[in-house]
Amino acid sequence: MDGDPVKVKEEVIAENSSIPSCLLAPADQIGKPIKTVKDKWRLLPAFLKVRGLTKQQIDSFNYFLNVDMKLILKANNKITCDADPGWYLEYKDIRVGPPNVDAFCDRPAGVNEGITPQQCRLRDMTYYAQILVDIEYTRDQAGGGGKKERVRKDNHPIGRMPIMLRCSHCVLNGKSETEMSAMGECPLDPGGYFVVRGTEKVILIQEQLSKNRIIIERDAKGQPSASVTSSTAKTKTKTNITIKNGRFQLKHNSFTDSIPIVIALKAMGLTSDQEIIQLVGSEALFADDLAASLEVCATEIRPQALDYIGNKIKPTKFARRQQSTKAEEAREKLATVVVSHVPVVKYDFRAKAIYICLMLRRIIQAMHDETVMDDKDYYGNKRLELAGQTMSLLFEDVFKSFNSDVQKIAQKQLEKPSRTTTFDVLKYLPPTKITSALVNAISTGNWNLRRFGMERQGVTQVLSRLSYIAALGMITRVQSQFEKTRKVSGPRALQPSQWGMLCPADTPEGESCGLVKNLSLMTHVTTDDDELPIELLCYDLGVEDLGILSGEEATLGNVYLVFLNGLLLGLHRAPKNFVQLLRAMRRRGRLGEFVSIYSNARQRTVHISCDGGRVCRPLIIVKNGRSFVTDQHIKEVLSNCRTFSDFLKEGLIEYLDVNEENDSLIALYEHGIGPKTTHLEIDPLTVMGACAGLIPNPHHNQSPRNTYQCAMGKQAIGAIAYNQLQRIDTLLYLLVYPQRPLAQTKTIEFINFHRIPAGQNATVAVMSYTGYDIEDAVVLNRSAVDRGFGRTIVLKKSTTSLKRYSNAAEDRITYPQSGGNERLALRTANLDRDGIVGVGSKVSQGQILVNKMVPKDISTVINNPDELREDAFKSAPLVYKDKADGYVDQVLLTSNHDEHFLVKVLMRTTRRPELGDKFSSRHGQKGVTGIIIPQEDMPFTEEGLCPDLIMNPHGFPSRMTVGKLLEMLGGKAALMNGKFADATAFASTASSVQAISDTLVLHGYHFGGKELLTSGITGEPVPAYIFFGPIYYQKLKHMVQDKMHARHKGPRTVLTRQPTEGRSKDGGLRLGEMERDCLVSYGSSALLLERLMISSDEFQCHVCKKCGLIGYPGWCQNCKTNLHMSMIQMPYACKLVFHELQSMNIVPRLRLEDM
Amino acid sequence: MMKSEKMSADLRFFKEYVICNGTAPTHTTTYSPGTFPEDEVLDINKWRDRVKMKILEIKEDQMSFDLSGIEVALANSIRRVLLAEVPTMAIEKVFVYNNTGVLRDELVAQRLGLIPIMADPEIFSWPSAEAKGADETTNLDKLEKEVIKFKLKVKCKKPPHDSADKEPINGKVFSSQLEWIPIGKQAETFKSSPPAPVHDDILITRLRPGQELDMEMHCHKGNNCGDRGHAKWSPVATAWYRLLPRIDLVEEVTGDLADSLVKKCPMDCFDIEEAHGVPGGRRAIVSDKVRDCTLCRECIREPELAKAVRLARKKDHFIFTIESTGIIKPAQLFKQALQVLKGKAQNMLDHLEQLEGDLAVQAMEVDEDNQQAES
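Protein chains in written order, with full-length UniProt numbering: chain S, 1 to 1155; chain W, 1 to 375.
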């Protein structure tokens, strides 16, 4: 122990002193220039090689499969039965096998076939693996006579677990590019998602407030309160301590009323007021504020306190155990529910009491000093729940209910007085319970956990495959638990502590702005780590257990409290040394690399965290003003002699989480390293995420533009994956000639966007031309379009499956006999002899793709279904519905999981850009095509160059997208140099612009990229120099062909007889209230009548003039007469209202008058 | 008086030259006749004397020449006609019998269309409705004047085991693999110059072993004009002109400044001349490379030099460049363009004449009506 009190005092003084930092540097370091490491950013690809963008998800799922599942099993490892005490079932071990499915018809049952993710996608199956358990149970001996034998069964399947792609159990794990392509998988696909029933599903990262930590905040009344959300494997509860009339109260859901804190403490075994004050803090400050609370319950002793609490327990629906008294019940509640994460062993409440006193202490501090209040939005107080944790919650719940089902079955079977067969539990295990629960949850996104009464919707989402970036962005997306509808800015605002962890640009606009975030490039999310070794190490390093001390020592003197994952371990008398030692051990690899150690000088605490869900990122360690990483290291990385993990192992780089970051001094650049600097950023570009990384020169743009681009990059059409033509997706947009951007960023290379690009380098003239380019519209060059600019392939899937009915009848596909029916012959013109369209044939609207026949009778049992005649079937064809003609790209015949014969037809159309198609550069500048003009009308430069695209200069002044100007300039210079331009975030400086300009001038261009253009229409020079050069343009998925719509007459809704709504239903265009108001104010009554009634739901009905009710033509059923009927027109909706009112016993009567 | 004369000299300069200032070019338009007192009524003989053409360079598929003394509208018309209205032959219809490659049918077809086909479009006539409607079963013999037929049948195979080359056979399909199928008497007519792609090394698609292409193509005559046109029928890669540059040193630039001016120009448009009695003993002059001026405006970037240097472009002197796709020789292209232009002008004249006649008839009818009314 190095608890030299004098020394400690010195250190503390040094920490808080205001001596200029330079004076603290070692003498030999001052004045020396700091050598910079040149290609520090090379660490980034090394990092991504080891960790990758989706590594957090995969790591988390791996942890779940390999560690957490076993822990869950251990916690629920035995099933016993009241009916037969001799019977039990014990789980010994659990594991997950390789991904496979039950074999298909032609193989013997029970044989499993390995599957690949691509097979699952195509065949609408789930990519899952068997959950295998080793069990030991008893069963009746074969000979009978009530004797039991113990049976051990290894590798018994209890269900299937959906497998995350690229996790440790995935077939893709550790495979080479060639092996992957052999499996039909794209080697650049990030993985980290599931394939469930043929669709790719992502479990979104959920952001939550960290568990088991004291949070001091203002309550509704504006007074400070402390709250702890305790979370253990068994319970999840929230405990609050609030102030009421100057007295402290303990609030908890399981009590009907708040409980005076002193009563709670006394119930926990604190006997005297002095003890309480000592534990909270014996300074006058704390004693004064506690006085009121102490007075209220001055006389209480423990039994009384327990009785008091026992009377306030909320009655639960579960029947109370008879034997327990109220006091016992209260003791139980205090032990297991209140601040439940503090363990209470054998009703020893000491630790819990100390913990509550600590909460009190923090509140009292907050009462006097606002600044110690916690910030909920501070990212150190957040935890990210990844796929592994989410799955683990679900699996534990499902496993428990599986076990209780098994127990119920056992109970039922064993209760039977006389069993005919011996009870072998293996035969009774519910075979599909676990599988279907897991698969359904992932496929619907509904996480319903019985244990915590949790019902969450939208946990999973379908992986968007619109573009590679969309898929990447989705896997790194972080969703906040916060309600979208509430209009508070706090949780939505960009928190300074998110620096480097979450992308500052990538968030949607609108209601979920700031609540949905994206991880930065180097962010890692931790998984749970074992606490015990750390705890032991802490005690070895001089932490004193509070249990053996009185409260006094904890609060007085320069003593720091040590917490491990929010639990108080004890105190330490030389905290600075302690922290240094721990960190040194972590750097040596004696502690987990993700363990975070940080001290808080104000609260005088040292926090050690090893829990899962903390966000962290790697940083270069700096000591004495020197970065540990040198040029030599980078050279080794370049020559593949050094991996990222070597840097970690050698203690050159370490991971810091948000809290520890706050305890460090991190230099952004090497020239910023001072004597107190502890760390150095690897590269500032890592603060951006994958989507924002595409933007060239984002640091020159107005920030919202970067945010817009993040949203638009996900809509850009381009390549999707290497296996894009093997995929059969519902909708797939592909660019025919995708190009790699000329202005590149480092991120683009890291995330392989340059291999799977989405856009084209267009030659752009920034000018106003033809006038069809106002309001952000762009002018396209027709010849450029002819040559393939923006050409897009659209692939659409139609599916049908052949079902087998209970009466042995089956759907079938036949070649239709048109029998001279010309319309049918036309509709079926493209069918092959098997009744399915041929690949390559051109299909028009209304033509049949698959001529499926459905049996008319599916109830009477049929003996030989194959001999059913043609007329026993009715036609149920798969019809091509698109307006534009398409070509059959692929036809897939397979069977899905339920062994239904499955036909998928992929239809392809090729589109060239047309008027109204949307384009965007990478700077949030979108625009639609305003006009496509022939090349001869286009302006041309002195070199004879025509622009592909003309953009209006009015797009610039208000948007301030200087990055776009630089992209064009850099791109132009890049063309001259024959090299890609670097436009990485925070990299280019004034000097690089100068270099670009010099290059341009060298090749005879204007330094600012502005050229003399000649109008192609007049032939005269344009009286302005035009900014001219290449800009990377994205074609966005919004295309006119998918949106254009008009109708004259068409379908109507059944109920109101008004025209249907929406393009897909061939609906009408609504003349809404506001439009109606215009017509009303204009006084055009005939037009109103025509729009609202005649063209909508005009209805002729016969009304009786006498009673005013609607009757038959020429007969009033009410008056039983035919004398007074007359026909009127009214909207059908009006007639409907009358009849609805009549059904409610309200009689609307029409009063008719002759005009 | 002196002052007004100077002004008129300036004005005359504006008439003939585009002034390329640092901020924006001015006087870019050609002033309409009558703006200046010396403007004459158009006289075709004088105009003919004024127009000059000088060929600067002529290569296999590129030509540049000076065209001076003509109006901008005419020069631009020639350029536009070159780009859009001179017809060529290009693949218009593709009949796909088999295509197992990764490139989808439409895309192969688009790429095929853009391949320049060496065939004299003059010999062929515009496609009739029959040619446009032709499919793979149509007997094309009647259409031999309208259609050129090609075939592409390629199968990719694994390289033989013993071969050193690891690349599959036919892994790349080039334009040279297009096979001409003569229709009717075409075999005889084109004996000397069978139709074929201009370039042999245009990559059409790539295949992997086992994949194959089998398609038939029809070439039609067409142009790049209007909605029916397509860039594939454009006979030029591009055709454009630029105006003849002129640089004047309106103020004397001497000494170090002269050096820096010379150094500034990336095209070496300036030179140094020894001169007595000026600071530094040297002054800048405009070199003989003025033609090369790219208008980078480096020379007028500094305010000091901007006063001294005047950049200009001559409005009626066009430096034309025609880059042919190789189907038609550039000089031939220019001739054809003029022919098309002439045809258009004739068409216009015809219409006008017809209009005149119509008007005369109308007038006569009106007269007759009037007479009848009077009587």
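Do not rely on the hints blindly, as some may be mistaken.
Computed spacing ranges between beta-carbons, pair by pair [claimed, not checked]:
{"#": "1", "chain 1": "W", "residue 1": "Arg301", "chain 2": "S", "residue 2": "Gln726", "range": "42 to 50 Å"}
{"#": "2", "chain 1": "S", "residue 1": "Asp982", "chain 2": "W", "residue 2": "Leu42", "range": "34 to 42 Å"}
{"#": "3", "chain 1": "S", "residue 1": "Asp982", "chain 2": "W", "residue 2": "Asp165", "range": "34 to 42 Å"}
{"#": "4", "chain 1": "S", "residue 1": "Ile1094", "chain 2": "W", "residue 2": "Glu136", "range": "51 to 59 Å"}
Simulated from the structure, these hints should not be mistaken for laboratory data. Glycine included, each C-beta is placed from N, C-alpha and C at the ideal position.
A quick look at each hint next to the structure:
1. Between W/Arg301 and S/Gln726 the beta carbons are some 56 Å apart, a value that contradicts the proposed interval 42 to 50 Å.
2. A hinted range of 34 to 42 Å for the beta carbons of S/Asp982 and W/Leu42 is inconsistent with their spacing of about 57 Å.
3. For S/Asp982 paired with W/Asp165, a C-beta distance near 38 Å keeps the hint of 34 to 42 Å intact.
4. Remark: the range hint 51 to 59 Å for S/Ile1094 to W/Glu136 is upheld by a beta-carbon distance near 52 Å.
The earlier numbered hints that this structure contradicts are 1 and 2.
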